[in-house]
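Student: Residue numbers (this note's numbering), protein chains in the order written: chain Z, 1 to 513; chain C, 1 to 128.
Hints were generated in silico from the structure; no laboratory data involved.
Possibly wrong hints are sitting among the right ones.
Stated by the list, open to error - Chain C regions said to be covered by chain Z (calculated; three or more residues, Cβ under 8 Å):
1. 8-19
2. 49-56
3. 83-92
4. 115-128
Said to hold, decoys possible - From the derived model, a few chain Z residues whose C-beta atoms are all more than 12 Å from chain C:
5. 36
6. 140
7. 279
Unchecked claim - Negatives, chain C to chain Z, calculated, CB over 10 Å:
8. 24
9. 27
10. 30
11. 38
12. 40
13. 44
14. 61
15. 62
16. 79
17. 99
The beta-carbon is built from N, C-alpha and C at its ideal position, and this holds for glycine as well.
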Amino acid sequence: MDFLSKFRRQVKLYLFWVLLAENALLVAAWWAVHTYHHELSPLYTVIGMAVLGLFGTLLVSDAAEKRITQPFITLWQAIHHIAPQGAEEPAPDLNQKQLGHELVANLASHVYQLASTIQAVEKTNSKVAQDLHANFIANSLPLPLIVLDKDEMITYANEATSKYLGKPADDLAGQNVYTALDMSFKSDDTLSTWLKNSAGKTATASHKWEHVRIGLPGQGDSLLFDLAGYYNKDNSLGYETLLILFDHTDVYSQDDQAMSFVAISVHELRTPLTLLRGYIEVFDEELGPTLTPELKEFMTKMDAAAQQLAAFVDNILNVAKIEDNQLTLQLHEENWQNVIENVVGDLNLRAGVRGITIKTDIAPNLPTVGVDRYSIYEVLANLLDNAIKYSKGTDEIYVSALLNKQGLVETSVKDFGLGIDASILPHVFDKFYRNHRNRAQIGGTGLGLYVSRAIVDAHGGEISVNSKVNEGSTFTFTVLPFSQVQGAGKTLGNPDLTRNAHGWIKNHSLYRD
Amino acid sequence: MDAAKPKRILCIEDEHFISELYTRALTRAGYKVDVQLDGQKGMAAAQTDVYDIILLDLMIPNITGIEVLRTLRNPAKTPKMHAKIIITTNLEQREDIRADIEQQADGYLVKAEITPRELVEFLNKLDI
């Protein structure tokens, strides 16, 4: 629709009617004067008509002006309405019937459209400027900064991030944070559990993690960070989560190096042990039938010594783990009688060499227990090993197990040997503590009981000792029936039944492919 | 064991004396054993040849045992992998790392805690 030609037609028509009305007025005036006052002289006739014509023209032009200028006024109002300084000007009524109604409405809507476009451009400009400032600040920050949206996708990573992690920030952006980065936390208090608990549930939240290993997936190098997270649900720009990384690799890696020193020492000790045990076996296989009883006994003792050394190496490692809070247990349902008989079977060789018999007395119908097979084996082996060493002159050791009044499975290892003096009894579970009087006669490192107590503690049980000099010692420890362990695991929502020395932890994977 | 077709074992182990002891015990038990001394050669052998069992040490030169395990367990990199992978190591891991390795492997043995004969007994019980 050509609004403009319609408008011109309307104006032309309007002017036609106005001029026609003006002419009609003049004709009517002339006719009236001529009819009623024909005696008037032509001069007065002309003057009268001029006066009447003047008033008529004034009236008509006044009416016409209003009609003809209305469209311009409407547009003027529209422009002023959207002008920056004219906010108080009300918007014109575009529905009002006026000359060139469609044209005016059309033009006004163009004006409004233009204004909103300008506004949008201005807004964008200011946002871009803001982004540039933010970018500058973020990139000047010497700490890695990572921004996540509500879907845990990385929307931004600053230059420090790429410097620390060795990957351009642009490559990180657009990736899911869990696939872009390999993060391992010390416990089940992880980024994902925090976000799961915070996202959408609280308006804002913040959290801090210590000793988080962060690197790129599939690459060996990773650094140790403290990690701070800030969650903001209503962030209009979609930056829901900010992560700031504090590099503490220098500090933390010292602990790790201490651990790895032990780990490497253990590795180096175990290699010759493996060979020793292997070659002893070969000798036994090849020469066994031909050896004299005395040599055969030496062979057995040699193997027992190698096994003892292997057990000691394990204890060193356990001490390091306990002190580094890295002792973790995988609790499984076990038949306690089987566990005990397994250990007793293995230790019988060493006891037999010294002429000692290990007797067991296990209550029937014990409930199954929740234990870490390997760790609890060490406890029993340590207690039996001590009993063998301190049995001096006596020839029996008793191992008994029963369900005690507290509903715990209680196990005792009793010997009839040297016994422990009351004054040192409170210290026997201390690290490196040994009975000075007996040090010369009896081997040992003073680690076994320390390790045993830590393992029993971690199982949620207790260990204690009763002893009298020259009458012998009884070491007693408890473990939980599996039903109780399982109950605790369920209550904590931890199906993996993993514990460390300080309680339940959730098993988590370090490696993700 | 099928006497006509001995089961094949690849032993990836850099400690010569240990592989010697293991080879001796395993050969006597009827297995056919190949030894590779580093991760790279071991991985290449595992990818090109067909083995029933792979004994994998973790602390080995060139490519670590963990990397070898990952590659062999990745179907994209090693398709048609049927061998049981048994970790044989003296290296102590953090428990969570160990749990992760155990999950990917078919067995985890600390060499100092077993004799060659016990290794044979363990392998004999495998379902292959």
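Student: Can you take a look at whether the region 115-128 of chain C is actually covered by chain Z? Rule is 3+ residues, C-beta closer than 8 Å.
Tutor: Held - the region 115-128 of chain C has 3 residues with a Cβ nearer than 8 Å to chain Z, which meets the minimum of three.
Student: Mind verifying the non-interface call on residue 99 of chain C? Its CB should be farther than 10 Å from each CB in chain Z.
Tutor: Given a closest Cβ separation of 6 Å, the condition is violated.
Student: Should the label of residue 44 of chain C as a non-interface residue stand, given a Cβ cut-off of 10 Å to chain Z?
Tutor: Holds, since 20 Å exceeds 10 Å.
Student: Counting residues of the region 8-19 of chain C whose CB is closer than 8 Å to a CB in chain Z, do you get three or more?
Tutor: This one holds; 3 residues, not fewer than the three required, reach chain Z with a Cβ under 8 Å.
Student: Per the stated criterion, does the least C-beta distance between residue 24 of chain C and chain Z lie above 10 Å, as a non-interface residue requires?
Tutor: 7 Å, violated
Student: Take a quick look at residue 140 of chain Z and tell me if its Cβ sits farther than 12 Å from every Cβ on chain C, holds or violated.
Tutor: 37 Å, holds
Student: Hey, does residue 30 of chain C actually stay past 10 Å from chain Z on C-beta?
Tutor: About 16 Å separates residue 30 of chain C from the closest Cβ of chain Z, which puts it past 10 Å; holds.
Student: Taking the closest pair, is the beta carbon of residue 61 of chain C still more than 10 Å from chain Z?
Tutor: 14 Å, holds
Student: Would you check chain Z against the region 49-56 of chain C, counting CB to CB pairs closer than 8 Å, and say if three or more residues qualify?
Tutor: Answer violated; 0 residues pass the 8 Å Cβ test.
Student: Verify that the Cβ of residue 38 of chain C lies farther than 10 Å from every Cβ atom of chain Z, and report whether the claim holds or is violated.
Tutor: Since the minimum Cβ distance to chain Z is about 16 Å, residue 38 of chain C lies beyond 10 Å and the statement holds.
Student: Using Cβ atoms and 10 Å as the threshold, tell me whether residue 79 of chain C really stays out of contact range of chain Z.
Tutor: 16 Å, holds
Student: Would you assess whether residue 62 of chain C, listed as outside the interface, keeps its beta-carbon beyond 10 Å of every beta-carbon in chain Z?
Tutor: Since the minimum Cβ distance to chain Z is about 13 Å, residue 62 of chain C lies beyond 10 Å and the statement holds.
Hint compliance for this structure: hints 2, 7, 8 and 17 are broken, all remaining hints hold.
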